[in-house]
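> Generate coordinates for the entire structure from the input sequences, incorporating the hints supplied.
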Amino acid sequence: MEFADLLYKIFLKDGGWLTILNGLWVTVQISALSLLLGTVLGSLLCFFRLGKIKPLKIVAQVYISIIRGSPVLMLLMLLFYGVFARQGLSPILVAVITFSMHTAAHVAELLRSALMALDKGQVEAARTLGFSKWQAFKLVTFPQLVRIAKPVYQSTVVNLIQWTSVVGYVTITDLTRVINNIASRTMQPMITIIGGMIIYLALSYLVYGIFHWTDRRRTQ
Amino acid sequence: MKKLLATLCAVVLLMTGCGGEQQANKDKPNDNFSSAELQLGMVTRLNTNEKNMGSVLDQFAEKIGVKDTKHLPKFYDSFNAMQMGLESGQIEAISTYNSVANYVVANNDKMEIVPNEALNKITDSFCFAVRKDETQLRDDLNKVIDEMKADGSLDKLINDYVTNVNKGQALPKVDIPKTEGAQTIKVGVTGDLPPLDLILSDNTPAGFNTAMLAEIAKRLGRNVEIVQIEGGARAAALNSKLIDVVFWVIVPLGNDLPIDLDKPEGLELSKPYFKDDVAVIKLKANK
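Protein chains in written order, with this note's numbering: chain A, 1 to 220; chain B, 1 to 287.
Please keep in mind that the hints were generated in silico from the structure rather than gathered at the bench. Beta carbons: idealized from backbone N, C-alpha and C, even for Gly. One thing to keep in mind: the hints can contain errors.
[Claimed, not checked] Within a straight-line C-alpha distance of at most 30 Å, the following computed DSBU-like cross-link-like pairs (lysine-lysine) qualify:
id	chain 1	residue 1	chain 2	residue 2
1	B	K63	A	K9
2	B	K241	B	K271
3	A	K9	B	K156
4	B	K156	B	K275
5	A	K150	B	K3
6	B	K218	B	K156
7	B	K275	B	K67
8	B	K218	B	K121
9	B	K284	B	K263
10	B	K218	B	K74
11	A	K13	B	K282
12	B	K271	B	K167
13	B	K173	A	K13
14	A	K13	B	K156
15	A	K133	A	K120
16	B	K282	A	K9
17	B	K167	B	K275
18	B	K70	B	K156
19	B	K271	B	K67
20	B	K167	A	K13
21	A	K54	A	K133
22	B	K167	B	K132
23	B	K218	B	K173
24	A	K13	B	K110
25	A	K9	B	K167
26	B	K70	B	K284
27	A	K150	B	K2
28	A	K13	B	K178
29	A	K9	B	K110
30	B	K74	B	K110
31	B	K132	B	K241
32	B	K167	B	K282
33	A	K9	B	K284
34	A	K13	B	K284
[What the hints assert, rightly or not] Okay, the calculated bits of chain A under chain B, using three or more residues with CB under 8 Å as the criterion:
id	region
35	81-93
36	186-193
Written as structure tokens, this is what we have:
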């Protein structure tokens with residue numbers, strides 16, 4: 001069989017590309033929602049972790065160490081087939097919860113490390129100049145925090161996209177599952193999986209591109 | 001920066017170089033193919049391990065007079081992975097079924113079916129599995145299977161969805177009838193064993209097993225919902241009641257092999273609805 005024919009048969013024939021796009025859409029949906037929720041939850045966790053309230057601090061610490069130390073697939077299986085098994089939640093929702101929880105722990109840690117990299121003296125100086133706590137955070141800490149945390153955050157986003165490739169275990173048809181289905185049907189796993197990798201790679205580069213673009217806008 | 005890059009390149013070259021050598025060494029025995037040992041890829045059996053499966057196959061081979069062959073099975077969770085294992089030389093051959101083997105060689109011209117005196121003598125049957133407490137469901141399934149065997153519709157399905165497909169005809173779509181207000185049976189399939197189980201390019205399940213399910217839905221007057229599930233999550237899905245039925249559990253026919261290789265505790269099996277002989281696939285270059 002000609003290579004071009006093979007590619008056509010694998011990726012295009014009978015609307016196969018549409019199914020791939022649908023799978024990609026599911027992956028993007030889960031990643032984007034998890035990223036949003038995870039970032040909010042992660043910021044909150046970081047706030048608790050560095051805050052002055054002891055119990056919350058301990059809770060945040062325990063949460064971060066447990067979630068960061070356990071494989072996300074195990075967490076997903078546990079939540080889907082254990083904790084939420086009787087609730088009848090949609091698999092996608094459970095996946096979003098799982099990945100939000102996972103991302104939150106990572107975001108909390110990356111924010112903490114970024115905060116620790118900041119010079120405390122600057123906030124103190126701002127406070128002596130009469131800025132309120134909120135103003136000092138908004139005008140002094142936050143802009144620097146964003147700059148320091150950004151590169152690590154970017155790789156967290158890309159990692160998140162790749163972590164979502166395990167959602168097939170909870171019956172979700174995401175990009176990886178679609179690719180596997182095609183590989184099984186066409187009996188051409190090598191080419192199909194390389195194709196799938198290229199799509200994931202494109203998605204990652206899209207994320208890099210967006211970050212790069214925001215960087216350039218800032219410097220302009 | 002330049003130095004760093006140069007060092008990195010050197011390291012990468014060194015590593016791939018070394019890896020290549022190891023690979024070459026490892027590949028050598030494969031090239032001078034000896035019949036003494038056979039590294040055989042198989043789909044994961046739920047109730048045994050690779051070593052045990054190997055000795056079961058060795059004993060079977062010896063019993064039917066094929067001496068001095070040591071089977072070294074390697075379990076794969078999906079047929080995909082197994083095929084890649086074959087292409088990359090991790091295993092020498094794949095043990096599967098005639099129906100599947102024919103589909104593979106029709107779709108991938110790098111593979112071929114090779115005769116194997118011992119393994120070809122094995123016939124496995126396919127059953128449904130339900131939770132132990134669901135005996136009613138099992139009896140219902142058995143009843144349908146008996147009916148279908150009796151009136152010849154099972155043979156017709158096999159003809160339409162296995163035999164004809166392997167003669168090069170297109171894969172037929174399957175319509176699963178819907179009954180308003182009827183009870184729903186949820187069935188887990190892997191979609192990973194064409195032409196028995198596969199997902200079409202429009203993301204709908206198809207293949208002989210799906211056609212079988214459509215017939216069951218029709219005859220029982222119930223709805224059948226197909227849930228695609230990873231091979232490794234089948235047990236978890238069944239036990240958490242996400243699905244009621246697992247497709248498929250393999251039971252060897254006859255008394256030559258233990259019947260519970262693929263049947264863990266806590267599962268109840270239906271009567272076999274399909275049987276097929278074992279076939280062995282290899283890469284053409286490996287001959």
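> Under the criterion that the straight-line Cα-Cα distance not exceed 30 Å, is the pair K133 (chain A), K120 (chain A) satisfied?
13 Å, holds
> For the pair we were handed, K218 (chain B) and K121 (chain B), check the Cα-Cα distance against 30 Å.
35 Å, violated
> Assess, step by step, whether the Cα of K9 (chain A) is no farther than 30 Å from the Cα of K167 (chain B), and give holds or violated.
18 Å, holds
> With a cut-off of 30 Å on the C-alpha distance, tell me whether K218 (chain B) and K173 (chain B) pass.
16 Å, holds
> Decide if the proposed pair is consistent with the structure: K218 (chain B) and K156 (chain B), CA atoms, cutoff 30 Å inclusive.
16 Å, holds
> Is K241 (chain B) within 30 Å of K271 (chain B), Cα to Cα?
It holds: about 22 Å lies between the C-alpha atoms, which stays within 30 Å.
> Quickly compare the C-alpha distance for K156 (chain B) and K275 (chain B) to 30 Å and report which way the hint goes.
Holds: K156 (chain B) and K275 (chain B) sit about 14 Å apart, inside 30 Å.
> With the threshold set at 30 Å, check whether the alpha-carbon distance from K167 (chain B) to K13 (chain A) stays at or below it.
20 Å, holds
> Given the proposed pairing of K275 (chain B) with K67 (chain B), does the C-alpha separation stay at or below 30 Å?
Cα-Cα ~27 Å, so holds.
> Given the hinted pair K150 (chain A) and K3 (chain B), is their alpha-carbon gap at most 30 Å?
The hint holds at about 28 Å.
> Taken at face value, is the distance from the CA of K9 (chain A) to the CA of K282 (chain B) at most 30 Å?
23 Å, holds
> Holds or violated: K167 (chain B) and K275 (chain B), Cα atoms, limit 30 Å.
The given pair, whose Cα atoms are some 19 Å apart, holds under the 30 Å limit.
Checked against the numbered hints given earlier, the structure breaks hints 1, 8, 9, 10, 18, 19 and 22 and satisfies all the rest.
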